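There are 2 protein chains.
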Amino acid sequence: MANISIPKGTRDFGPAIMGKRQFILNNIKSVYQQYGFLPLETPAMENLSVLTGKYGEEGDQLLFKILNSGDFLKDADAELLNEKASKKVTQQIAEKGLRYDLTVPFARYVVMNRHEITLPFKRYQIQPVWRADRPQKGRYREFYQCDADVVGTTSLLCEAEIICMIKSVMHRLNITDYTIKINHRGVLAGLADIADAKGKEVALYTAIDKLDKIGEEKVKEELMDSDFTAEQCNNIFNLLNYKGSNQEKFQYLKQTFEHSTSGTKGINDLLQVFSILDSLQESDAHVEFDVALARGLSYYTGCIFEVKVNNVKIGSISGGGRYDNLTQSFDSKENLSGVGISFGVDRIFDVMEELNLFPKETTQSSKVLVAFLDEESMHYAYGIVANIRKHGIAAELYPDFAKIKKQLDYANKKQIPFAVIIGEEERKLNKLALKNLESGEQSIVDMAGLIQLFKHS
Amino acid sequence: MANISIPKGTRDFGPAIMGKRQFILNNIKSVYQQYGFLPLETPAMENLSVLTGKYGEEGDQLLFKILNSGDFLKDADAELLNEKASKKVTQQIAEKGLRYDLTVPFARYVVMNRHEITLPFKRYQIQPVWRADRPQKGRYREFYQCDADVVGTTSLLCEAEIICMIKSVMHRLNITDYTIKINHRGVLAGLADIADAKGKEVALYTAIDKLDKIGEEKVKEELMDSDFTAEQCNNIFNLLNYKGSNQEKFQYLKQTFEHSTSGTKGINDLLQVFSILDSLQESDAHVEFDVALARGLSYYTGCIFEVKVNNVKIGSISGGGRYDNLTQSFDSKENLSGVGISFGVDRIFDVMEELNLFPKETTQSSKVLVAFLDEESMHYAYGIVANIRKHGIAAELYPDFAKIKKQLDYANKKQIPFAVIIGEEERKLNKLALKNLESGEQSIVDMAGLIQLFKHS
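Respectively, the protein sequence lines represent chains A and B. All residue numbers in the first sequence are consecutive under our numbering, ending with 606. All residue numbers in the second sequence are consecutive under our numbering, ending with 606.
Chain A with its partners taken away, still in its complex shape (with noise of 0.2 Å):
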């Protein structure tokens, strides 16, 4: 029994954590359907085929691989095993892996389901995902993603009505003190060519991306440390300690890409995204356009996004972006742009426990225990949690003869906001004792006045 555990950096969700989750879960999932998303599910397994090469080779690493059934080892090549090579034996072993993230699976949805998808194909995927990372604080080997794509379509629309699904959760979840950082990779391109960095744009990115963590000194140093000139690191810099409003930053920077055809095209997008939120009647309060946001060395191609909750130490709890290769790697002759958006939910979580955020009834309990103090009222008791139960109200029992103690502390430890305690006096003059489990509160009440407090509750 000692010996019994489970895999790490994997978690059970026992009642009260479901609970929480499926509040941050199914919110998103609302807001994803308001606005035309449709669910997906793919499988977990995903053949290596498909998974292999598109995470770059530490993502390859971090692939689960699932050892192929029966005599895996017949067809193996003997020297390979001899030597060891577990690299280039896993390839032999194993076919399969569990997926890495719901984008490849979903772009090999796309490219295998063509002709049958309708474009612009809007869909939302929420499942868990498993990367063989080291397990630490806020990082797992299995985890949620909740996904929202659009595909099919460059229209700016899409990146609107983004910034709008990101404002209706963050509403639903009682977040109020966010910022959602916005982007472009025109405009990264554009600071690429003010500062003359042609052939050093990786470099660069990957510095700056960094600003918010380590400082202006450090990311300095970085650049120098990249054959930037001090000339080049002030320019730079000129352009990322410009101070305005969105608006203001916009105009400077037009000015400024006035040579720069991409950073003149980046600014250009966001400048029609934003003009799309006002028709939306959607206001940029929590906007904000912040030229050092690069989301890492991803695929992305045009506006980037990330959302972060202030005054609290967790990393971005969403990000996302355009890209316009999603299907390239599978299918050379049509490339798609798309757009999507992605939420962790384990930082929300931890975000909204910090915060206290949680409303007070996330658990999905029972409305009502009946509870009885004898044993002829534990028989009349069936009755009537039947009749809770045929208005649609959740109601349980104590499903032993047990002191009247014992089924209420049982009530309380699930939770249950209510009791109904039967005797033989509730019996004879067919009436309820009604109790607030938590206020410790006491009614007598007949069952058409229970219901009508349920159904009001």
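Rather than coming from a laboratory, the hints here were simulated on the basis of the structure. These figures come from a predicted structure and were not determined experimentally. Among these hints, one or two may not hold up.
One copy or two, either will do: identical chains are not told apart, so a pair holds if it fits within one copy or between any two.
[Claimed, not checked] Here are the simulated lysine to any residue pairs, SDA-like style, with alpha carbons at most 20 Å apart:
| # | residue 1 | residue 2 |
| --- | --- | --- |
| 1 | Lys539 | Ser428 |
| 2 | Lys362 | Leu388 |
| 3 | Lys539 | Gln430 |
| 4 | Lys236 | Ala225 |
| 5 | Lys552 | Tyr529 |
| 6 | Lys203 | Arg444 |
| 7 | Lys392 | Asp361 |
| 8 | Lys604 | Thr410 |
| 9 | Lys178 | Asn585 |
| 10 | Lys555 | Ile570 |
| 11 | Lys539 | His435 |
| 12 | Lys457 | Leu360 |
| 13 | Lys398 | Asn417 |
| 14 | Lys178 | His320 |
| 15 | Lys516 | Ser317 |
| 16 | Lys554 | Gln564 |
| 17 | Lys237 | Gln591 |
We have chain A; now place chain B onto it with these hints.
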């Protein structure tokens, strides 16, 4: 591109299928919650030490095993590798496997969290499981199970409530012609006593479990092959062939089992379950006491259930029963009795498709597409769609400027039931042209009227 595929035995669930599956799952979940069951989720991966030996030798073969990360061959035995001894090497290179069912992870959870759990513990769990079975029609390598179990009580109220839950699920799914078969392991033991089959119980149960499929003659042949005499066979079938109501069968068997302790216990339990059902105001319609029901060689020790939809060539869609040693394999100190039920989503799906039982609107598409006739109307439409969404109604826009036909085609393909069409006239008059996309009916409404209409549809 030609070689893109998903692992055999697995499936993608696109929007249409997802809508139907969610309809089934949401109804099962609601019923579980109404009876006081709380949600649990466990990781997809379990340590193989937890899974192995729980499902018989065949089950162990069907476990999907996950290759250890990193240089997994380093500590593997060179000689075993040289011999290509797949089975023995597996233990050295794979520590984790994918869960095979939800029962073993549940038992593992109960043992690991024994001190935080309130007994009786009622949990439901809806998650996929994986089996490396040979894929065939209706049998998949990844499929969902929907389990509800109560552990920590021997109360027969639980059995009666399970029957109520099954009936409630069937009712919500519009399945009307079905049979809930119930039996008891004690009754089977009684049958073995009557047939003088001590030591041959397994052969007896296995044979009669097939009665439905292969008929009396073949079952008799099988019994003869297992050294049952003709007289024993006659005794068995005299009992199995007894016709009558449930209560008549109970009375008949009560007499027949006069000298069988197990048989008497079985009948008494069943009588009590039916009596509680009565107290719960639930008739025994659809419930059939079936002495031949054995549920394979599973770990059940008390009542057993199986649900079959009549006049449909699909196996049972639900099954379960009572077990007395759920946690035994993990924890010898304590043995919790429990009883559970499991619904098979895939079979329910097939039944509902065959009987055409899905409601028309399971796809959770938008209620309305806001369409536009010209570019100015497109911008105007942004405000309209925002307004509709503010009232909690799912709405969307075609994101690119396109001809009205293309927009309506999009709505039709996504099964969006209504379109609001905006042109110059509508803008001027501040009205909306509302089109029912199924009937083709068209009318002029204002925003307030539109909201009214959707709030009540």
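So, going through the hints one by one against the coordinates:
no.: 1; hint: Lys539 x Ser428; verdict: between (47 Å within a copy, 14 Å between copies)
no.: 2; hint: Lys362 x Leu388; verdict: within (19 Å within a copy, 78 Å between copies)
no.: 3; hint: Lys539 x Gln430; verdict: between (44 Å within a copy, 10 Å between copies)
no.: 4; hint: Lys236 x Ala225; verdict: both (12 Å within a copy, 14 Å between copies)
no.: 5; hint: Lys552 x Tyr529; verdict: within (16 Å within a copy, 67 Å between copies)
no.: 6; hint: Lys203 x Arg444; verdict: within (17 Å within a copy, 46 Å between copies)
no.: 7; hint: Lys392 x Asp361; verdict: within (15 Å within a copy, 79 Å between copies)
no.: 8; hint: Lys604 x Thr410; verdict: neither (61 Å within a copy, 48 Å between copies)
no.: 9; hint: Lys178 x Asn585; verdict: neither (33 Å within a copy, 26 Å between copies)
no.: 10; hint: Lys555 x Ile570; verdict: within (13 Å within a copy, 62 Å between copies)
no.: 11; hint: Lys539 x His435; verdict: between (46 Å within a copy, 19 Å between copies)
no.: 12; hint: Lys457 x Leu360; verdict: within (14 Å within a copy, 63 Å between copies)
no.: 13; hint: Lys398 x Asn417; verdict: within (12 Å within a copy, 81 Å between copies)
no.: 14; hint: Lys178 x His320; verdict: within (14 Å within a copy, 27 Å between copies)
no.: 15; hint: Lys516 x Ser317; verdict: between (29 Å within a copy, 19 Å between copies)
no.: 16; hint: Lys554 x Gln564; verdict: within (15 Å within a copy, 54 Å between copies)
no.: 17; hint: Lys237 x Gln591; verdict: neither (71 Å within a copy, 65 Å between copies)
The structure fails to meet hints 8, 9, 17 from the earlier list, while all remaining hints are met.
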